[in-house]
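Number of protein chains: 4
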Amino acid sequence: MATIEKYRAVTLEKGTVSVREHPFPKLQIDFDGHRKPLPHGVILKILLSNVCGSDMHMYRGRTDAGPGLILGHENTGEVFMKGADVETLEIGDWVSVPFNVACGRCENCIERKTHICLSVNTKWPGGAFGYADMGPWPGGQAEYLLVPYADFNLLKFPKNVPKDKLLDIAFLSDIFPTAYDGAVKAGVTTGLSVYIAGAGPVGICCVAACKLLGASYIFCGDFESARLENAARAGAIPINLEKEKLHDKIKSVLGKAEVDCGVDCVGFESCGHHGNKRRTDEERSEVLNTIISVTKFGGGVGIPGLYLPADPGAATEVGKKGMFVLSFGDAWNKSLYMQGGQCPVMKWNRLLLDAILSGRTKVAEYLNVQLIGLDEAPKAYKEFNEGAPKKFIIDPHGVLRTPGTK
Amino acid sequence: MATIEKYRAVTLEKGTVSVREHPFPKLQIDFDGHRKPLPHGVILKILLSNVCGSDMHMYRGRTDAGPGLILGHENTGEVFMKGADVETLEIGDWVSVPFNVACGRCENCIERKTHICLSVNTKWPGGAFGYADMGPWPGGQAEYLLVPYADFNLLKFPKNVPKDKLLDIAFLSDIFPTAYDGAVKAGVTTGLSVYIAGAGPVGICCVAACKLLGASYIFCGDFESARLENAARAGAIPINLEKEKLHDKIKSVLGKAEVDCGVDCVGFESCGHHGNKRRTDEERSEVLNTIISVTKFGGGVGIPGLYLPADPGAATEVGKKGMFVLSFGDAWNKSLYMQGGQCPVMKWNRLLLDAILSGRTKVAEYLNVQLIGLDEAPKAYKEFNEGAPKKFIIDPHGVLRTPGTK
Amino acid sequence: MATIEKYRAVTLEKGTVSVREHPFPKLQIDFDGHRKPLPHGVILKILLSNVCGSDMHMYRGRTDAGPGLILGHENTGEVFMKGADVETLEIGDWVSVPFNVACGRCENCIERKTHICLSVNTKWPGGAFGYADMGPWPGGQAEYLLVPYADFNLLKFPKNVPKDKLLDIAFLSDIFPTAYDGAVKAGVTTGLSVYIAGAGPVGICCVAACKLLGASYIFCGDFESARLENAARAGAIPINLEKEKLHDKIKSVLGKAEVDCGVDCVGFESCGHHGNKRRTDEERSEVLNTIISVTKFGGGVGIPGLYLPADPGAATEVGKKGMFVLSFGDAWNKSLYMQGGQCPVMKWNRLLLDAILSGRTKVAEYLNVQLIGLDEAPKAYKEFNEGAPKKFIIDPHGVLRTPGTK
Amino acid sequence: MATIEKYRAVTLEKGTVSVREHPFPKLQIDFDGHRKPLPHGVILKILLSNVCGSDMHMYRGRTDAGPGLILGHENTGEVFMKGADVETLEIGDWVSVPFNVACGRCENCIERKTHICLSVNTKWPGGAFGYADMGPWPGGQAEYLLVPYADFNLLKFPKNVPKDKLLDIAFLSDIFPTAYDGAVKAGVTTGLSVYIAGAGPVGICCVAACKLLGASYIFCGDFESARLENAARAGAIPINLEKEKLHDKIKSVLGKAEVDCGVDCVGFESCGHHGNKRRTDEERSEVLNTIISVTKFGGGVGIPGLYLPADPGAATEVGKKGMFVLSFGDAWNKSLYMQGGQCPVMKWNRLLLDAILSGRTKVAEYLNVQLIGLDEAPKAYKEFNEGAPKKFIIDPHGVLRTPGTK
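Protein chains in written order, with the working numbering: chain X, 1 to 406; chain E, 1 to 406; chain G, 1 to 406; chain R, 1 to 406.
Please note that the accuracy of each hint is not assured.
Each pair may be met inside one copy or between any two copies, as identical chains are not told apart.
With a cut-off of at most 30 angstroms between alpha-carbon atoms, the simulated DSSO-like pairs for lysine-lysine come out as follows [as the list claims (entries may be wrong)]:
(1) Lys123 / Lys256
(2) Lys156 / Lys321
(3) Lys382 / Lys321
(4) Lys243 / Lys211
(5) Lys14 / Lys159
(6) Lys211 / Lys347
(7) Lys45 / Lys6
(8) Lys256 / Lys14
(9) Lys165 / Lys256
(10) Lys347 / Lys6
(11) Lys211 / Lys251
(12) Lys390 / Lys36
(13) Lys45 / Lys251
(14) Lys36 / Lys321
(15) Lys243 / Lys321
(16) Lys14 / Lys163
(17) Lys163 / Lys249
(18) Lys156 / Lys256
(19) Lys249 / Lys390
(20) Lys26 / Lys36
(21) Lys256 / Lys163
(22) Lys347 / Lys123
(23) Lys211 / Lys165
(24) Lys36 / Lys123
(25) Lys249 / Lys362
(26) Lys256 / Lys159
(27) Lys45 / Lys321
Treat the hints as calculated values from the structure; they're not laboratory data.
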């Protein structure tokens, strides 16, 4: 093939997002002070790359993202070029790319903890594409993407799946497994009731996950009625926290004011009643404390929403240190089990792929997907940050946008 | 209330089923040679009592059922009378009765192994209502039923549930939890493919269970097209083993000839191609060996179908001893995990009740339920034994049969 | 037997502990405003009743214990009298009494969650003997004890076990299962390293539990060298937090400063460096935050130490509400799994009994047990509260104290 | 380094074992009809390579081993040469080599099922070094060994560990994890009783594993008193099946004739009472049926002993097909859970390494290890086949045999 010298990518610089040219990637990376060859890597041509709520954390300056960061960790692509030690993938294969970068060779990867891979990030365990503090890996809101350890990381799926299923598959790179993982951590199973905090994209995926897991009553709370409509279409009982009292609403359905399981699909930047204004310590912890209060004795709490060990943009000293004022005495007394953390996407994406391909589940149609080109990304960031109840997906090569394709 | 002296019940005597009068039960039982008081027991007025495939084992003389056995282990009832140590139930409560009799006080019950309770059967661990070798407990195909350890055993549900849901609830006493348990033992979860052997009532319930558990492709094999139609309506891909090759059919759908999980919903009396004639050792083991062959390396096999430690009616010496000629070398080489055994109904019935009440699942409409009065039971036994693709449910007091009720 | 009218018991009144006479118990209790018969109950003659660290919470006024509370939730006894619905126990049987009072009939007990039984406490799920807010059940630091639901609750063990094993068995009522449960919740298993915060009795039992579970390196940190000596004798690597830096000490042994699992055997009343003086919010949360910092990415944290939903004696507003300032952002980023809560003793006591009887484990000899008579209890409370590195066990009838007995 | 052209290896040819020269390995393999490069591979200098009971299956002609097979799947080595895509290993590192060859990139490896890797064997899932039907991988009873996917497969351990620990570490390649896996599959945990069938090397390792897992009473049965002495030294209660009745012996210790868990450490070539003569179908199944009979209702059965899907050397038609006449009706009635299959060594070897290094466990001293040179291997095969109660370990470079080394 002819050599490509440049490619275009959504780039974050000092709080501004723009589309810039970058040198075409090679099968190598600058890592820990030296240039590391990646014979196990591939270059993907990006099919779809979603804009994610956690991109907004960087956009808003709530992380210490370095200069010139190429964004995009929710990627779907086609194998374009491969290294000498790639055995299972062929040029042209379509693949879903877990947002976690993982080596498949360290102790944690071997134990399926690909979210805390020991080899791909010098700061702490765990890497990601296009993300602050998560290693040197450029993101995929771009024409191309370098993926190391490709045999291990990539999930192959059939070419030419119908357009609607391709959109569902696009969510396998992050938020569908993330939401499913949160539901599993909360102990959701056949017949149980669930409260999902947040009707954003992760919350909607969580509704679908809870249905797959057999939950009976799935409540979803939010302050935005447009988002709640999405949740309701996905199968949830919506609760408008602006207008309804959470415990009362649950009691009116279940006859008791507590659910079996709670899932926090919001995270540390919850704004709740308080908008984006600078919040007190108790306001910052409100989502978690609400979930603790609404989950029954012996119930489970999953926390896929992102919390960070430092939050330089927080309004309080406690907040800056990544600390939260939690009603832990209550949680302990109720014997709740609680777990958060990044999702190890590879634990769930193959199962969810089969659930999608067999028609057992779907999510895209509840998410108000809007396909855009690369150049529309800066505008989409702005809209999403302002709360548009949409999921923007960048289709840099026009695979789905071109009339007549699939 | 006025004293009742007699009640009518379906009674098995020398291979013949008839409706006979018996003395009205007291809160006591003859156990291990002495009369044991049951202050923890209740007398139920039977709402519904299903005829079960495993009743046929006794009907056909494949067990050593004693004389005058009152049949019926799939019971749903209304609390009619209660003992001094019944705390949580009130007269008039509607309850589902797990087929296992369990004390709630022995080591096994405490560990949730109510299927092998140590206190209710002198022959071996595990008791059941109306069943050979399973203790002294009369069955519920009758006007009334004595249930010991009632607080522990009985699952209360709302009165006046709609008729269709009451029929679904009727399957919580045995075959829905049994089928669900088999699917769980087989490792069924989100996205996996399953082969269910047998499209009888347990097989149909297993299709519903696999859907609740999120399975992708659910195959169900049988030799009877009428039964397979039920399975298809429940959501399965039917395989007519008379006409289709099992592995080929699976391959045509999945692209490979093996499934992730196999469930044996048939048991030791499988007749398969061979009808009811006397079978060789390999024919007797055919269902299990087929499942071993069709389940992938590393897959799981659940065996809710009944196997017994002795089968006096078998045609071979090996068979009489409850032994089977299994391709265990293959199972070992494939690292299959296999588990059978009675279902501990209490492990699942509450979860499934909530799944039914919330509308997440249903089974009755796929089972061709036929409601009958007590006096029609002998005829129903004959028809069911001859293979009628129906589920007969006895409604001794006309709760659902009377026009105008619920 | 001759009627007994009175019995003597350790009684808490306005922060003072004394031995008083009370009317001999009957098989009934005042519950939820009415007198409830307990045909399933027994009266035990107390063999041994331990003084527990959590008794100190009440002694110090950190709970809202009612007037005239008979203390004692770590009880071992002999069946002295039994109700009409007790089937498995005989007069004279020796039994270990789980500190949790549980009915064995509610949804939670059926699911083995006896620590949050729904029937024995009107305030919230979960009951205990002799404990504030945990139901109307008198404690066992007394000559006799009423135990409801005796068949379900009591663990029978052989009479005439040797004296040293009887002392080990005395810890099956609470702290050995509690510590084991904490280790299990922390994910301790073969080959893993553990940090146990606190070398009090629960911490020492946790060392024994971690050995049973196959842990490799078991660190135990405390500020008191006398307590640390106990831990070292039990098999731990002691860390004197007054003199050594926790992370450095761990690193000197493991070559890295983090352990696989952390267990908080201290709870909300940790005093640490700060003694008993009134503490800031960060000091109150120090044990948990230290464990979060010392547990590796992907590790587990078990929290058997007690935390309460309200702490009227706390020095801060946050503290009074049972809230804690936790480095939750760090815990999330590390994907820690964390669980606290009361231990469901019945889940582990039988296994641990067999481990004791077979000689696989022991704890009493590391705990500096001091046997005392009832009348010495007030003095023991005082000493224990002042930090004596002993475990006081009341032997009200002189079973072990009398020369020549066992 | 100077080029090495030849190396010496234990080679099986037509039932005879001899030491032959072979061309020095390259980082490639003939696989599925083509030459496949292995940039992820290493060449190890063998430190220790054990002779295994399952080598005897091939030695005795019970498998279809091809001509010129280099034996040896229990290997420990030093990295001597490495491919371009080896990132975590350095020349000189000491490593334990799991007997399973696994790619770390296929669906099964990702799910930790390295025993049934999909990429390393064309016959069926799962590969091994030096083993019939397990792929093209030469064994390590040799001076050198080629290991593919080295970063993934190899477990690094400290150089210069003391000699006795090095011998323990030598068992991490197969039989210690295999035995531990069998115990885990049988459900062994704190306080449970276990019956281990077979006091050969796997049985002895299983005794050590059960101790690590906290079992109370560990029975081990065999027909050879010399082997039983090893088991007793390891901590088992020995049962000489030639002289003692199994159930009676168990009853004399436990007070009941059944154990909680059974582990079959024998496999399909059990000779039992019957010596090596040609056996009937029931004799071939005797070990499994005995375990079924001696395991309690609700207990677990682990089957690390090898069973194969075909046994050309069997005396009966049923046997040749890899079928067994099992008392499955009894197993079902008892609700036993049973699992066999190759052990995924990587699931346990790191945990067991830490247990060895910390001094928590050891096995070599109970196994009568005899270190030999390569040239002594043929004699050792003969002795081991005749039942010598020893474990032969080949030390081809004299690492442990040379006086003065480590």
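The hints, checked one at a time:
For the homomeric pair lysine 123 and lysine 256, the shortest alpha-carbon distance between copies (16 angstroms) is at most 30 angstroms, but the shortest distance inside one copy (46 angstroms) is not. In the homo-oligomer, the alpha carbons of lysine 156 and lysine 321 never lie at most 30 angstroms apart, since the shortest distance is 40 angstroms inside one protomer and 37 angstroms across protomers. For the homomeric pair lysine 382 and lysine 321, the shortest alpha-carbon distance inside one copy (28 angstroms) is at most 30 angstroms, but the shortest distance between copies (40 angstroms) is not. Taking CA atoms no more than 30 angstroms apart as the test, lysine 243 paired with lysine 211 passes inside one copy only; the shortest distance there is 26 angstroms, against 36 angstroms between copies.
In this assembly of identical chains, the alpha carbons of lysine 14 and lysine 159 never lie at most 30 angstroms apart, being 39 angstroms within a copy and 49 angstroms across copies at closest. In the homo-oligomer, the alpha carbons of lysine 211 and lysine 347 lie at most 30 angstroms apart both inside one protomer (19 angstroms) and across protomers (21 angstroms), since each shortest distance falls under that limit. Taking the shortest Cα distances, lysine 45 and lysine 6 sit within 30 angstroms of each other inside one copy (13 angstroms), while across copies they are farther apart (46 angstroms). In this assembly of identical chains, the alpha carbons of lysine 256 and lysine 14 never lie at most 30 angstroms apart, being 49 angstroms within a copy and 37 angstroms across copies at closest.
For the homomeric pair lysine 165 and lysine 256, the shortest alpha-carbon distance between copies (22 angstroms) is at most 30 angstroms, but the shortest distance inside one copy (38 angstroms) is not. Proximity of lysine 347 and lysine 6 under a CA criterion of 30 angstroms is satisfied in neither setting, with 35 angstroms inside one chain copy and 44 angstroms between copies. For the identical chains of this complex, lysine 211 and lysine 251 are neighbours both inside a copy (21 angstroms) and across copies (28 angstroms), given an alpha-carbon limit of 30 angstroms. In this assembly of identical chains, the alpha carbons of lysine 390 and lysine 36 never lie at most 30 angstroms apart, being 39 angstroms within a copy and 48 angstroms across copies at closest.
In this homomeric assembly, lysine 45 and lysine 251 never come within 30 angstroms of each other (Cα to Cα): the closest approach is 50 angstroms inside a single copy and 32 angstroms across copies. Proximity of lysine 36 and lysine 321 under a CA criterion of 30 angstroms is satisfied in neither setting, with 34 angstroms inside one chain copy and 52 angstroms between copies. When the C-alpha separation of lysine 243 and lysine 321 is checked against a cutoff of 30 angstroms, the pair qualifies only between copies, where the shortest distance is 27 angstroms, while the shortest distance within a copy is 33 angstroms. Taking the closest pair of Cα atoms, lysine 14 and lysine 163 never come within 30 angstroms of each other, the shortest separation being 36 angstroms inside a single copy and 59 angstroms across copies.
Proximity of lysine 163 and lysine 249 under a CA criterion of 30 angstroms is satisfied inter-copy only: 28 angstroms between copies versus 38 angstroms inside one chain copy. When the C-alpha separation of lysine 156 and lysine 256 is checked against a cutoff of 30 angstroms, the pair qualifies only between copies, where the shortest distance is 16 angstroms, while the shortest distance within a copy is 45 angstroms. With identical chains, the CA atoms of lysine 249 and lysine 390 are at most 30 angstroms apart within one copy only, with a shortest distance of 26 angstroms there and 42 angstroms across copies. For the homomeric pair lysine 26 and lysine 36, the shortest alpha-carbon distances inside one copy (11 angstroms) and between copies (25 angstroms) are both at most 30 angstroms.
Taking the shortest alpha-carbon separations for lysine 256 and lysine 163, only the inter-copy value of 25 angstroms comes in at or below 30 angstroms, while the best intra-copy value is 43 angstroms. In the homo-oligomer, the alpha carbons of lysine 347 and lysine 123 lie at most 30 angstroms apart both inside one protomer (24 angstroms) and across protomers (27 angstroms), since each shortest distance falls under that limit. Taking the shortest Cα distances, lysine 211 and lysine 165 sit within 30 angstroms of each other both inside one copy (18 angstroms) and across copies (20 angstroms). Only within a single protomer do lysine 36 and lysine 123 lie at most 30 angstroms apart by alpha-carbon distance; the minimum there is 17 angstroms, versus 37 angstroms between protomers.
Taking the shortest alpha-carbon separations for lysine 249 and lysine 362, both the intra-copy value of 27 angstroms and the inter-copy value of 26 angstroms come in at or below 30 angstroms. Taking the closest pair of Cα atoms, lysine 256 and lysine 159 come within 30 angstroms of each other only across two copies (18 angstroms); inside a single copy the shortest separation is 48 angstroms, beyond that limit. For the identical chains of this complex, lysine 45 and lysine 321 are neighbours neither inside a copy (39 angstroms) nor across copies (51 angstroms), given an alpha-carbon limit of 30 angstroms.
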